[in-house]
Amino acid sequence: MAEDMIMEEREELMVSPKHHNPTRKLAHFLKPTSLSTTIRKPISLNPHSLPKTPLKVSLNGFKTLQNGWKDWVNHMHALHKHTWQKAGIYNAHYKKKAF
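Going left to right, the sequence shown walks through residues 1 to 99 as full-length UniProt numbering numbers them.
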């Protein structure tokens, strides 16, 4: 039955916008999350050997709507409404409407 689900729940490293240190949290991911069929052994890294870099993402250019944004959102809604409802993300995904 779990194989039939279109999302999976697993722990992954997440970065909060307020706290820039990654923490392991339980999260939901839509399947498939990878197109690779090979299973590779995870790389073991010593966190102290990694360079100190800020974990910050800057998204410039999204303060104003891009041309065709509303049309694209409505097109995606028509195509994926049923899938979003089945995954339980419809209300959060579409009703916020970023426009």
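Note that these hints are calculated values from the structure, not bench results.
A portion of the hints provided could be inaccurate.
Unchecked claim - Below, computed lysine-lysine pairings styled on DSS-like, alpha-carbon distance capped at 27 Å:
#1 K52 to K70
#2 K70 to K25
#3 K56 to K18
#4 K56 to K25
#5 K86 to K31
#6 K52 to K31
#7 K31 to K41
#8 K52 to K25
#9 K81 to K31
#10 K70 to K81
#11 K41 to K18
#12 K52 to K41
Said to hold, decoys possible - Okay, the calculated beta carbon distance ranges per label pair:
#13 M14 to S44: 28 to 36 Å
#14 V73 to M14: 20 to 28 Å
#15 E8 to R40: 16 to 24 Å
#16 M14 to I43: 15 to 23 Å
We treat Cβ as the ideally placed atom computed from N, Cα and C, and that holds for glycine.
Tested hints:
1. K52 to K70: The given pair, whose Cα atoms are some 40 Å apart, is violated under the 27 Å limit.
2. K70 to K25: Distance ~33 Å between K70 and K25 Cα, so the pair is violated.
3. K56 to K18: Holds, at about 10 Å.
4. K56 to K25: 18 Å, holds
5. K86 to K31: Given that 27 Å is the threshold and the Cα spacing comes to 13 Å, the pair holds.
6. K52 to K31: 33 Å, violated
7. K31 to K41: Between K31 and K41 the Cα gap is close to 21 Å, so the pair holds against 27 Å.
8. K52 to K25: Given that 27 Å is the threshold and the Cα spacing comes to 22 Å, the pair holds.
9. K81 to K31: 16 Å, holds
10. K70 to K81: 15 Å, holds
11. K41 to K18: Violated, at about 32 Å.
12. K52 to K41: 25 Å, holds
13. M14 to S44: 28 to 36 Å: For S44 against M14, whose Cβ atoms are near 20 Å apart, the range 28 to 36 Å is violated.
14. V73 to M14: 20 to 28 Å: Distance hint for V73, M14 holds at roughly 26 Å.
15. E8 to R40: 16 to 24 Å: At 18 Å between Cβs, range holds.
16. M14 to I43: 15 to 23 Å: 19 Å, holds
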